[in-house]
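Asker: Sequence:
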Amino acid sequence: MGKFERYLSLWVALAIITGISIGRLFGDSIEFLSELEIAKVNLPVAILVWMMIYPMMVQIDFSSIKNVTKNSKGIGLTLVINWLIKPFTMAFFAWLFLDQIFQAYLSPEDAQQYIAGAIILGAAPCTAMVFVWSYLTKGDANYTLVQVSINDLILLVLFIPIVRFLLGVTDIEIPYDTLIYSILIFVVIPLTAGYVSNKFLIKKHGLKWFNSVFLAKLKPVSMIALITTLVLLFAFQGDKIINNPFDILLIAVPLTIQTYFIFFITWFVGRYLKLKHNVCAPSAMIGASNFFELAVAVAISLFGLNSGASLATVVGILIEVPVMLSLVALANKWRY
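Under my numbering, read the sequence shown as residues 1 to 336, first letter to last.
Treat the hints with care, as some may be off.
[Claimed, not checked] Below are the DSS-like pairs computed for lysine-lysine, each with C-alpha atoms no more than 25 angstroms apart in a straight line:
# : residue 1 : residue 2
1 : 276       : 70
2 : 240       : 217
3 : 73        : 333
For the record, the hints were derived by calculation from the structure and aren't laboratory data.
Working from the sequences, and respecting the hints, build out all of it.
Answerer: Listed below in structure tokens is the structure:
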């Protein structure tokens, strides 16, 4: 794991401090950034998120899907967990804690916003960081590539209806066109561009150049875009965080419980199915972690830069690395 990934929570914390400081210093003078939008999709955020997501998408080789039958049990388990269980358990834990258990500490409006952010986060299974988690648990690299490729394709079909359904259950109204534009901008375009780039560049320069030169140059772009997005987000969230710092801890509780819950259920079902460790471990990892870049972008598009939903997705980034590293340690301890 590179230094950026290992210390992601630190960079997020620094982005929070920097963003809040900018918001306090410049105040209303940066308000115009939140108004640069098309169909409620914020253009500065769209550019930054595209810079984050494209480097992930360009690494995926969709021709690997032809190997789907080699680990059909593992693939099947991943799909069931990611699309039939995870989004709904996330919605349940978010409702249970933010609307019920923590009712005395949160206003109904804030609770609804935080639940919406958690729902968006839970409906976006991990695509990039899972390669890191798989590597750290000595997972089967080919299996991991296949499951990520299939996941990205299913994301195109199921993300919108799942998010729309679960947000509808919470009585939160969302503009359907904004949700569609978000998927087009944040998934379809970078996914298509990544696929075309992957094929063209490997054919022209070879796989070795692609991995060692092209991807190496792209990695800093993705990192800079992620941190810039968080700084921008917290420039608009500053007052809310200063006035309600306890909210971040409250949001983190259901997100953390959900992560461990999904890991354990996937792990033990995988053991029951007699999956090899190098398949069971990445299966549990992809279910537990989230595609937080997409979640942040969609939350901002639907609810705005200064919304509680956007804040909830960023808390997901804040806890991602320490929680997932604890699960990596657990998977390695339970190696069989």
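Asker: Please name the hints from earlier in the document that this structure breaks, with their numbers sorted from lowest to highest.
Answerer: Of the numbered hints given earlier, the structure breaks just one, which is hint 2.
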